[in-house]
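**Q** One letter stands for each residue in the lines below.
There are 2 protein chains.
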Amino acid sequence: MRLAVGIDFGGTAVKLGVVDERGRVRAEASFETASSHGIEGWLAAVAEALRAMKLDLRHLGRELAGIGVGVPGFVDFERGFIHNLTNVPGWTAVPLARLMRRRFGVPTVVDNDCNAMAYGECRFGAGRKFRHAVFLTLGTGVGGGVVLDGRVWRGAHSMAGEIGHIPIDLHGVRTETGRGGLEEYVGNRQIVARARRMLRSRTSILPDLVQGNLRALTPRHLAEAAHRGDALALEVFDYMSDCLATALAGITYLLQPEVFIVGGGVAGAGEVLFGPLRRHLNERLSPFFAERIRVIPADLGNQGGVVGAAALALKG
Amino acid sequence: MRLAVGIDFGGTAVKLGVVDERGRVRAEASFETASSHGIEGWLAAVAEALRAMKLDLRHLGRELAGIGVGVPGFVDFERGFIHNLTNVPGWTAVPLARLMRRRFGVPTVVDNDCNAMAYGECRFGAGRKFRHAVFLTLGTGVGGGVVLDGRVWRGAHSMAGEIGHIPIDLHGVRTETGRGGLEEYVGNRQIVARARRMLRSRTSILPDLVQGNLRALTPRHLAEAAHRGDALALEVFDYMSDCLATALAGITYLLQPEVFIVGGGVAGAGEVLFGPLRRHLNERLSPFFAERIRVIPADLGNQGGVVGAAALALKG
Numbered sequence: 419m420r421l422a423v424g425i426d427f428g429g430t431a432v433k434l435g436v437v438d439e440r441g442r443v444r445a446e447a448s449f450e451t452a453s454s455h456g457i458e459g460w461l462a463a464v465a466e467a468l469r470a471m472k473l474d475l476r477h478l479g480r481e482l483a484g485i486g487v488g489v490p491g492f493v494d495f496e497r498g499f500i501h502n503l504t505n506v507p508g509w510t511a512v513p514l515a516r517l518m519r520r521r522f523g524v525p526t527v528v529d530n531d532c533n534a535m536a537y538g539e540c541r542f543g544a545g546r547k548f549r550h551a552v553f554l555t556l557g558t559g560v561g562g563g564v565v566l567d568g569r570v571w572r573g574a575h576s577m578a579g580e581i582g583h584i585p586i587d588l589h590g591v592r593t594e595t596g597r598g599g600l601e602e603y604v605g606n607r608q609i610v611a612r613a614r615r616m617l618r619s620r621t622s623i624l625p626d627l628v629q630g631n632l633r634a635l636t637p638r639h640l641a642e643a644a645h646r647g648d649a650l651a652l653e654v655f656d657y658m659s660d661c662l663a664t665a666l667a668g669i670t671y672l673l674q675p676e677v678f679i680v681g682g683g684v685a686g687a688g689e690v691l692f693g694p695l696r697r698h699l700n701e702r703l704s705p706f707f708a709e710r711i712r713v714i715p716a717d718l719g720n721q722g723g724v725v726g727a728a729a730l731a732l733k734g
Numbered sequence: 419m420r421l422a423v424g425i426d427f428g429g430t431a432v433k434l435g436v437v438d439e440r441g442r443v444r445a446e447a448s449f450e451t452a453s454s455h456g457i458e459g460w461l462a463a464v465a466e467a468l469r470a471m472k473l474d475l476r477h478l479g480r481e482l483a484g485i486g487v488g489v490p491g492f493v494d495f496e497r498g499f500i501h502n503l504t505n506v507p508g509w510t511a512v513p514l515a516r517l518m519r520r521r522f523g524v525p526t527v528v529d530n531d532c533n534a535m536a537y538g539e540c541r542f543g544a545g546r547k548f549r550h551a552v553f554l555t556l557g558t559g560v561g562g563g564v565v566l567d568g569r570v571w572r573g574a575h576s577m578a579g580e581i582g583h584i585p586i587d588l589h590g591v592r593t594e595t596g597r598g599g600l601e602e603y604v605g606n607r608q609i610v611a612r613a614r615r616m617l618r619s620r621t622s623i624l625p626d627l628v629q630g631n632l633r634a635l636t637p638r639h640l641a642e643a644a645h646r647g648d649a650l651a652l653e654v655f656d657y658m659s660d661c662l663a664t665a666l667a668g669i670t671y672l673l674q675p676e677v678f679i680v681g682g683g684v685a686g687a688g689e690v691l692f693g694p695l696r697r698h699l700n701e702r703l704s705p706f707f708a709e710r711i712r713v714i715p716a717d718l719g720n721q722g723g724v725v726g727a728a729a730l731a732l733k734g
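Note that the protein sequences, when read in sequence, are chains A and B.
Each number in this note's numbering comes from the position in the first sequence (counting from 1) with 418 added on.
Each number in this note's numbering comes from the position in the second sequence (counting from 1) with 418 added on.
The following block holds chain A by itself, in its conformation from the complex (with noise of 0.2 Å):
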């Protein structure tokens, strides 16, 4: 059975994984992002990682398809060529393909982070049964990867797929991206920054449920407050999930793909933010369009950023 080494490389940590050619994971490791310098120092943790998972990738020989990696940050795939990343300093204009290539002595390929996990998702995942999928990751920002036919959309520059950027109101807030972009509505600083300022004059169980420190407030503690039937916390997804569905309702009619596979924290709280994103998609769309678009939960958590860099390793 055919393998791939996946590399999840996120701000905090970076986690390896062996992946199987029905996308399971036989064996991880990981090590902190800070904990490396430079980009020798990454690759020196990478290799130690590798053998710590007691992986000698020269004898694996055919059965090693190659090594995927998934960065946050924009990438020209077809040079395996890191442009920037978001918030890991000094990997502006990195070779990495190509670095690993001759390191390591395997094909490597190199993809957005988000791209990977949504094709993972479409592979061995939630998106299995589809071919035309887009993907959303819910975290401090909102990322994105869109699947048509099967293979991952990356656009004219491999950018595309940046669904936290799509402006959901023309009037609204100005940032560096534009203006009103959907991130700013439903990224979990805001969501939490919005609670909070409902507590002011609101009563709730959110302050019990952090020994009144407001401060300390997330989404898991909306989502445990709405699970338990809190007005507000519900009021919270309630907006959060109709602001999504504003940006999926334009994602349809553009290209109305079969589903949309919606991971990350927040998409953790289940029922309280997919039932009303489901109900406010559909009053934002036609019926035509209503009818035939799904929206699911992701389905391969912690691990969709290593699969889905493999998976991106295997398909070759």
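No false leads were slipped in.
Just a sample of chain A residues kept apart from chain B, beta carbon distances all over 12 Å, derived:
1) 443
2) 622
3) 692
4) 720
Among the chain B residues that face chain A by a calculated CB cut under 10 Å, a handful are:
5) 492
6) 502
7) 564
8) 594
9) 669
10) 671
11) 676
12) 702
13) 703
What follows is a set of in silico ranges between Cβ atoms, one per label pair, in the way DEER data are often shown:
14) 636(B) to 628(A): 55 to 63 Å
15) 621(B) to 628(A): 54 to 62 Å
16) 708(A) to 683(B): 26 to 34 Å
17) 591(A) to 471(B): 52 to 60 Å
18) 591(A) to 459(B): 51 to 59 Å
19) 496(A) to 636(B): 43 to 51 Å
20) 456(B) to 547(A): 35 to 43 Å
21) 611(B) to 510(A): 48 to 56 Å
22) 607(B) to 547(A): 41 to 49 Å
23) 611(B) to 591(A): 23 to 31 Å
24) 591(A) to 592(B): 19 to 27 Å
25) 633(B) to 429(A): 54 to 62 Å
Quick caveat, the hints were computed from the structure, so don't treat them as lab data.
Each residue gets a CB set at the ideal place from its N, CA and C atoms; glycine is no exception.
Please build the complex by placing chain B on the supplied structure of chain A, with the hints as guidance.
**A** Okay, now just chain B, sitting in the frame of chain A:
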């Protein structure tokens, strides 16, 4: 040289043309949509128009690639099946490609009219040099077509490209197609209504252009006034182009096409539209995306529908 017949099935007129593989229109004919009755009547009128163009389909043999029809509504492209036409009564659930093949004995493709125009512009018009283009046509509504890798992207159920319904304001006006859809801001009626509202408290040369009869005001008058430097008309174009830019920014972040091709009546206004449109789009994108996107006028004008439909038939 290979030829195809293109048919542009509009709500007012049905235009036909014989188009060669360089996109040149060799012969033209047309009839009023209302003059034909039912589907049989329509097929008879098409046969009559073909005769008027002295086109004996049987004698063309291999020279004739086939017939392409662009229709204003939802089509199942694979089957050449019309689900429903928006403004033409009686055209629901019509297997038009099959009926045409039976009647005329040649291969026939049927597509949404904006998809046909999008493809025509990419094959023979303003989009010749590009592989990834998004086409918009500005009129009463806003139609659209998405071309990726040189092919029309039709979506999971042949309904993609409905750019006019992309929401640009989550709090916007509710319609049957959702809330805050683009065409509620930039449709012909909406921009004329906006000008009329502004005229209640502002001076402008617009009343003179319509001899004081503001009911006669059209986007053409707005364009004329704007070209003469009329501040009110320029503001209408500025606002309209900012609304357009909001939708185009979202499309750019999602798909990163190479180019937007803008056609339709209002696009005839030229720089008073395209100047502010490009400026607002730049403001609404991060520099990475802004530097890599173009906005250009369509090239095929009134022949876009006929040439596009024929181009789809030539593609086969």
